[in-house]
Amino acid sequence: MASTQSSSVPSRGGGGGDGEKRLEALALDKVAEAADAVASAACAGEVVRAVHAVASLLFPVDSATVAGTVEEPFRSQIIEAATLSNDERDSWRCAFYQGPAFPTMSKILLGNVAMKWLRKIHASARNEIYDSFFVKGPPVEVIQALIPALSEKEDSKEDHQTFFSNLERLLILCLLDNKGVFQIVAEFASSNKHGDGIVNPDKTIFISRVAQLLTSVPDKARLGASAALTSPSFFKDVISQLLAGAEAVTVEFAADKDANEHCALSSMFHFLGEVLSRVSRRGSIGILVAELIPRIRNHLHRCVPADYKAISPNMIEHVSQSQFWFNMVEAMRDQHSVERLTEELLRQLASNHISDGEAYWILWTLFNQSFKRLTVMRNADITAAIGLCLEKLTKKELETTKDVLNSILQGVSCRLESPIDLIRKMASAIALTFSKVVDPKNPLYLDENCCENVDWEFGILSPKEIKAPLQAVESRKKPKTCENKRNAGEKKEKAIKHDIPGVRAKIVEIKLDHDQRSDTATSEQFEEEFDRESMNTDASGDSSLEPYDLSDDDTDLQKKFSHLSDLAAALRKPDDSDGVDNALSSAEKFVRASPDELRHNSGDLVRALVHVRCSDVAMEGEEDSAEEKRQKALIALLVTCPFESLDVLTKLLYSSSVDVSQRILIIDAMTEAAQELAEAKIVKTEHHGNLITDTSPSWLVPSNRGPPGAGPWREVSEPGTLLSWSHRYEREVPSRSGQVKSGKSRKWGLGKAKDLQVGWSRNRFPLYAAAFMLPVMQGYDKRSHGVDLLNRDFVVLGKLIYMLGVCMKSMAMHPEASALAPALLDMIRSRDVSLHAEAYVRRSVLFAASCILVSLHPSYVASSLIEGNKDISTGLEWIRTWALQVAESDPDTECMSMAMTCLRLHSEMALQTSRALESADHSKAGRALPSKLDSIIIPFGNMM
Amino acid sequence: MASIEQPRRRRPPPDPIAVLRGHRAAVNDTCFHPSLPLLFSGAADGELRAWDTASHRTVSSVWAHAGSAGVYSVAAGAGLGNKIISQGRDGTCKCWGIEEDGLSRKPLFTVKTSTYHFCKMSLVKSPSTDARSGSSCSTSDVEPPRVSIEQNTESRGANPTEAPQEHDQCTTSNGHNMLAIAGQESSQVELWDITNARKIITLPQACSADTTDHPTKRKGLCMAVQAFIPCESVGYVNILSSYEDGSTLWWDVRKPGLPLSSVKYHSESALSIAIDGFCNGGISGGADDKVVMFTLDHPKGTITLRKEIELERSGIAGTAIRPDNKIAATAGWDHRIRVYNYNKGNALAVLKYHSDSCNAVTFSSDSKLMASCSADTTVALWELYPPKPQSKVEITQTD
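Top line first, the protein sequences correspond to chains A and B.
Under the UniProt record's numbering, the first residue of the first sequence is numbered 1, with each subsequent residue one higher.
Under the UniProt record's numbering, the first residue of the second sequence is numbered 1, with each subsequent residue one higher.
Next comes chain A alone, as it looks inside the complex (with noise of 0.2 Å):
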């Protein structure tokens, strides 16, 4: 479990560089020492003390409450800790959380920790040592630690249950328990105070990369996970908190002058903003408003005094927090996510009945903003056109078109009665141009601010965006632009002719003010006739040109690959995603086809498919496919051409050149290969926990399941036949209603009833389990670099036995069988295996030697013993031997009622070789029973 430093932690300042890498070089070794002393820890004393020590260089530990939890010696040795000062302690923090001190230490904690010692410490020394790793550290350290540990994958159920159980936990307490978004929050604020006024890309990368993974949270928590992680009530205290949190940090920079305010905030914004437009993206948009609409009304009634009737914007923008409700919306750059905001804030605020003023003021309050950037431009624009040319009319000219003069009055009254002051401030303009028109002696100046010389850019305006308007409207000159206003009246009706219920219609009224209006007129006129011209240009019009069809599919540009060779080569190309994606897609479907060449190429293709990396090509959310094609094509090619892809594979299991993961492959598409191959279906280890799935009262009784009434199964004896030796039973089944009655029973035997013949011939594994076999048995106890499987690859270890179970029980009661069996009972002997410290490889072992006493043919036991062939007899006796002692000892429950099947297989193998045995007497008579005899235990002989 190598850890490897995260690379999206953003480079902080250079400044102390040297003594800082010191430190955290520092920091890295008391975590390999702490490692070490985990690894080879053999009781919760050793591990406690070992945290311990990394624990109070970092955090101010209680060392006493710790020390009582534990034994002697270690309760000393925790006692004699050096203690470090306050400032001591927050170097080596700093170092400790962003050298890569922390994911590694992290890696231990959650993994070996958690999965092995966690229980056997004592609550309170939990809290102290294990817990303030997480709870105390920075919660962006933590969580980038702790999240993504959340789709690991654990093989055992019940590693998979401790492990997620307790990361679980932990994301619980920091961050729901421990307010760590709020924190988070804070952090990026701070992180930026000041800084240099710049948020740099990689900093924007790494905050959406922090946001992007803490809503994703709740997608991956187990089902079974703690309710506080299920999407609704998660998002509802992320959100809660990261409300609060953003409101809070405004304020503090509202107060504090001399920080780099914008800076600091845009970041904080950003951070916001990504993570409201996740939140919403996830579908939980209506969890937010409803956590964002009590927040906002407080906000307001904080604002406003209670005997207040009437609300003025001024009331509002003098309260501090109003800036973090007036930016909130402008942090959310996803414009779908806005819309939906938009749309659920409207929903939920006419079902919550709240009144119509105090919801156009919320959404004022937080749309504002967003207003003022972008239709305040355009406002702006359409202003400076219609004051431009105020400037240039007469008086008389004014007075001849009386549409003019009413036109402007009905706007600018309504303009001035905007809520925002720059509309206010255009219209007051526009009112000053006009009176100046009227009476150049007697200017209206409706606003102290107002000047001589009204600026048409209203300062927001580049030179740039003003000149067009400017063009268009002089180049129309003075009586156009009367015609379009009187125009203006009739488009009017056009321009309101969205119906909109309730509280919206407010907002789109402060938009669509009359001179507005008439101004799109204006432009539509333009465009008219622009294309009018355009037409003249043109000889006969663009009326004969329809669009055809314009759906496109991209099923032609797929690749189609023809030739194996072709796969394994775009299989190699890891810059063409899309290509190996397809390559991927396609190979089992083109294997299955086996091609003359599958032969030549299958090896080569093996190879390509272990090493393709799946979560590099696909896409985000779909590597699990990727995986499962890659899985399949594997399998398919073991099973269309056995030897040549074994061959490959054996090799590869143990190269240095494959990872964990590949080896993990390796194996599990061995296993299904061996199962496709002998047509066996077993039950899927993911789904049941246990490895056995042992309800049939016999070995080799079929499962009870069945219709109800059915009877009890009975044995068919055939004798005489070739198949003498498979069991056949049979039961009275009731026939289903509806059903026509033209049999009575129905037959189970090894194959499937109809043709036994075909059936048994059908398993052809038992050719190919040599292959599938021996290789793997050979050097899995080396040790050599990259691969250690009796230690640090335990997992590996334990599926690779698993799948040797299963290939034994894939040829059960074939020769081969028999063959095979003395092999793999001597490889899971080996003290290494059999008495390994994880409870997963003794399951491991127990399943396999299971699966051998499920496949051995009692005939072969027999003859075994007859002939004297020690292999057999003293493994068999040394499965009973282990498994009793399992059985009585092992700590892992699991493991205990593996080893009780196991002995019931036993003695089950036992009953029928004792059979097998006197079979044999009767038929050679006069042989004396074998001496071996008492090797064999009858069952329920010495059991109890």
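What the hints contain is simulated information worked out from the structure, not anything from laboratory work.
Just so you know, these numbers come straight off a predicted model, no measurement behind them.
Check before you lean on any hint, since a few could be wrong.
Here are some chain A residues pointing at chain B (derived, C-beta under 10 Å) [said to hold, decoys possible]:
#1 G283
#2 S544
#3 L545
#4 E546
#5 Y548
#6 D549
#7 L550
#8 S551
#9 D552
#10 D554
#11 D556
Virtual Cβ for every residue (Gly too), placed ideally from N, Cα, C.
We have chain A; now place chain B onto it with these hints.
Only chain B this time, still in chain A's reference frame:
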């Protein structure tokens, strides 16, 4: 815009009216004869074929550019008369005569341009070549096109062997015996006199090429050129050239040192450019996922973006505008020919026939046929939005 339009069922896109098979390698370029029912196509193995567009049969075939060089581009124009030009990747452009039984056996003459790049040559297009009426840009009051190189003393200095008299002879006749092509130094554009096999001018001018602020060197290879003579330039050749970095430059031979205008519409290499019949605008495609329609503002000498069309799949190898300026077509790496309304810029059709990357698309001079060629070794003929026979009503409308 197209998506807003009515969702009612539309006709399925048409199939090609004919597929011309016979080439043994990717077909790189194709062009129609300006007046005869002939189509020429050049393939990557060096074969140049002439096809009868009525019978869809091969009329004749020559190995134009030997061996691996291949024919990269073919061009025919009214100005050339009964000749076509093929450009090979062997550093030559060859001119072939069209005889009764197809192509002449041997090239009439060969122009050694010594260029080995990825830029298809361009003949000079001028509004007067568009025989159809309806043009807003009447050329009657304009003098016949000419390139007056004698005003450019620098260019003469660069080619001291050329005599001024010859210049006059070859440039004042018309623009149609000239071709534009990316130069030996492939960030440059060269204008060649075809009949005399002589380089007329290099853009940017050679003398300024060594300075640090070289106008085109940093833009990479020149990937496409289009030469034209707009009415406004009084007969001087203008050139649009597209570069590897996605930028497009507008040159006037009267100012060979610096381009009139430079714009960058593409984020990756711009691969093709076509100009409309009035020389007032055009369309360009590149390796990115955009097709850009632009207009040329002649008085100001600026290129302005008219319409940007986003594509689903990137890569446009060829573009063409129909002589009547109604539709434009693009040949895509995604095996599709896409047709657009040239005036409005909306998509009209996605034509799926080719099974490999499309290399070029072209329209016949009567606007009735379109031909597309592809790396799948075929040339497809299409009939799209056939132009209506021009009636009197329409003509009066125009005026």
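Hold the hint about A:E546 up to the distance rule: shortest CB distance to chain B must be less than 10 Å. Hint on A:E546: holds, closest Cβ of chain B at ~8 Å, below 10 Å.
Please check whether A:Y548 passes as an interface residue: C-beta within 10 Å of a C-beta belonging to chain B. Holds. Min distance 4 Å.
Go through the hint on A:S551 and say holds or violated, using the shortest Cβ distance to chain B against 10 Å. It holds, given that the least Cβ distance between A:S551 and chain B is near 8 Å, below 10 Å.
Mind checking the CB of A:S544 against every CB in chain B and telling me if the closest is under 10 Å? Because about 6 Å separates A:S544 from the closest Cβ in chain B, which is inside the 10 Å limit, the hint holds.
Taking the closest Cβ pair, is A:D556 under 10 Å from chain B? It holds, given that the least Cβ distance between A:D556 and chain B is near 7 Å, below 10 Å.
Against chain B, run the beta carbon of A:D549 and see if the smallest gap drops under 10 Å. 4 Å, holds
Return the status of the interface hint for A:G283: holds when the least beta-carbon distance to chain B is below 10 Å, violated otherwise. Violated, because the Cβ-Cβ distance from A:G283 to chain B comes to roughly 25 Å (cut-off 10 Å).
Is the interface hint satisfied for A:D552? The criterion is a beta-carbon contact with chain B at less than 10 Å. The hint holds - A:D552 has a Cβ within 10 Å of chain B, the shortest such distance being about 5 Å.
Verify the interface restraint on A:D554: the C-beta must sit less than 10 Å from at least one C-beta of chain B. 7 Å, holds
Grab the minimum C-beta distance from A:L545 to chain B and call the hint holds if it beats 10 Å, violated otherwise. 5 Å, holds
Should the interface hint for A:L550 be scored as holding, given a Cβ-Cβ cut-off of 10 Å against chain B? 5 Å, holds
This entry does not satisfy hint 1, going by the numbered hints stated previously; all others are met.
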